[in-house]
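Let chain A serve as the given structure and place chain B on it in line with the hints.
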Amino acid sequence: MLRVEGLTCRYGKVAAVSELTLEVRQGELVALIGANGAGKTTTLKAISGLVAPVAGRLMFSGRDITGASARHILRLGIAHCPEGRRVFPYMTVLENLQMGSHLRRDRRQVAADMAGLLDRFPILRERRAQTAGTLSGGEQQLLAIARALMSRPKLVMFDEPSLGLAPTIVDRVFDVIKTIQAAGVTVIMVEQNAFAALELSDRAYVIEQGRLTLTGTGRDLLENPRVKAAYLGA
Amino acid sequence: MLGGIYALLGIGLTLIFGIMRVVNFTHGELYSFGAYMMFMFVMLLHLDFFLSLVLATALGVALGAVIEFVLLRRLRGADIDTTMLVMIGAWIAMQNVEQLIWSGVAKSITSPFPSAPLVLGGISVAWSRLFVFAVALLLIAGTYALVDRTRIGRAMRATFQDGDTARLMGVDIDTTYLATFALGSGLAAAAGALLGPVFVVTPGMGDLAALKAFAIVILGGLGSILGATIGGFLLAFIEELGAGYLSSGYRDAMGFALIILVLLMRPTGLISRKDRIG
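Residue numbers (our numbering), protein chains in the order written: chain A, 1 to 234; chain B, 1001 to 1278.
You may find that some hints are simply not true.
So, partial list: chain A residues that the calculated Cβ filter (under 8 Å) puts toward chain B [what the hints assert, rightly or not]:
#1 Ser48
#2 Leu50
#3 Ala52
#4 Leu74
#5 Arg75
#6 Phe88
#7 Glu95
#8 Thr215
#9 Asn224
Keep in mind that the hints were calculated from the coordinates and are not lab data.
Beta carbons are placed, not taken as given, at the ideal position from N, Cα and C, and that holds for glycine.
One chain only, chain A, in its complex shape (with noise of 0.2 Å):
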């Protein structure tokens, strides 16, 4: 569904992401993990658009995206949910998620989706009128969760959805995400959190310094020495 072949993204003269290949198939949950500023990040902006690759392609249902901007990429399906919840503070949690569906035109549909929504989280419904500024760090990684999901994306992105959550909303947001998979939404994760992260997915990509080091599915990598090393403190 989702191919990166060769991707290069740099900031300034410094590599991000060097020459990375990784796919995802429809309907899998993959998780990329790595230490702080690996390229996770940058490999999500570059697919979403918001980064501009240097060299490689990206190619999403058959079609090369490499460049387009951010509008076409949502267009087409691809939602970003991005590190830090990173919602609208002064907006309204109804405006928040109004902003999900900016692109889209059907508005009977919008509002039937809006309402569904409202009714999983029924916390965002009971603050739908406040600022979303006003919000605890879950509920507002809640409400970007449901923002993306406004799109109606065939492929999300969920950049450390967990970070800076208590313990029980981090399973919260976990089941969450699992369910979106289970919905038929192609998942792809990028996680600090390298043990949930590769319980929860199917296959998994490690990276290093912009380079992929290890690639395997979810199960595997738990086993995987070097993985036990590096990320599970084991």
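Just chain B now, kept in the frame of chain A:
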């Protein structure tokens, strides 16, 4: 009456700064542009006064769009100093072109309102000023509605709050910037077109207006529409008090004294960040 005009000028400037991070030195020229267009339509082409007002404002919107498209679009991602220098250049160029076309002689515009004032109880108000005030209030209300209730307004606010995330939502940043700059410019031109017939029109009229608009934006807090509205009315009120109780020569100085006070006591402006842009 001046409060409404000041608020219009301030809102236009604060929108542009808040959303685009552009310090718009051409703002005062859009104001005098509005006034000169009013002069051209009413006095030279003998068009209807109210139609002229609409046309002058529309041309202000168009001129703003051209400035954004021709100058600012090429400067995306350039640092703020570069953009400022270009805008200062545009300001000087526009003012000189104005002087070339219209000469330095002050022009006056006849207004269709009766010269006898409206007398209510003990207060008398000139009809023309009442009209200016009403239209200014309408435009302010319209701007609020646009920013608060429409899709493009929501895109503007999203861009202001978090540009990258707005792009992830599919917001077209170029269109949003164009709309913002055109709207801000239109408000400045409307202010000039409204006030031109009340006072006289000169090529330098934009300078003081721009200076006051900057003062209002500082007063209200950068990027705050509500702050610019309150700041506009506050500045006009203080100026009147100063002119009335001290000396009318101090009218323009009063406002700036107020700014110095605000900067000393509350450097982020009257309205805190929380309420900005809508």
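(request) Using Cβ atoms only, decide whether Asn224 (chain A) comes closer than 8 Å to chain B, and label the hint accordingly. (result) The hint is violated - Asn224 (chain A) has no Cβ within 8 Å of chain B, the shortest such distance being about 33 Å.
(message) Please check whether Arg75 (chain A) passes as an interface residue: C-beta within 8 Å of a C-beta belonging to chain B.
(response) 7 Å, holds
(message) Next item in the hint list is Ala52 (chain A). Is there a CB on chain B closer than 8 Å to its CB?
(response) 12 Å, violated
(request) Return the status of the interface hint for Phe88 (chain A): holds when the least beta-carbon distance to chain B is below 8 Å, violated otherwise. (result) Where the cut-off is 8 Å and the nearest Cβ of chain B is about 5 Å from Phe88 (chain A), the hint holds.
(message) Please check whether Leu50 (chain A) passes as an interface residue: C-beta within 8 Å of a C-beta belonging to chain B.
(response) 6 Å, holds
(message) Using the nearest Cβ pair, does Leu74 (chain A) come within less than 8 Å of chain B?
(response) 4 Å, holds
(message) Would the hint on Ser48 (chain A) be counted as holding, given a Cβ-Cβ threshold of 8 Å to chain B?
(response) At 6 Å from the nearest chain B Cβ, Ser48 (chain A) passes the 8 Å test, so the hint holds.
(request) Double-check Thr215 (chain A) for me: the hint is only fine if its C-beta lies closer than 8 Å to a C-beta in chain B. (result) 27 Å, violated
(message) Glu95 (chain A) was flagged as interface toward chain B. Is the shortest Cβ-Cβ separation under 8 Å?
(response) 6 Å, holds
Violated hints, listed in ascending order, are 3, 8, 9; each of the other numbered hints is respected by the structure.
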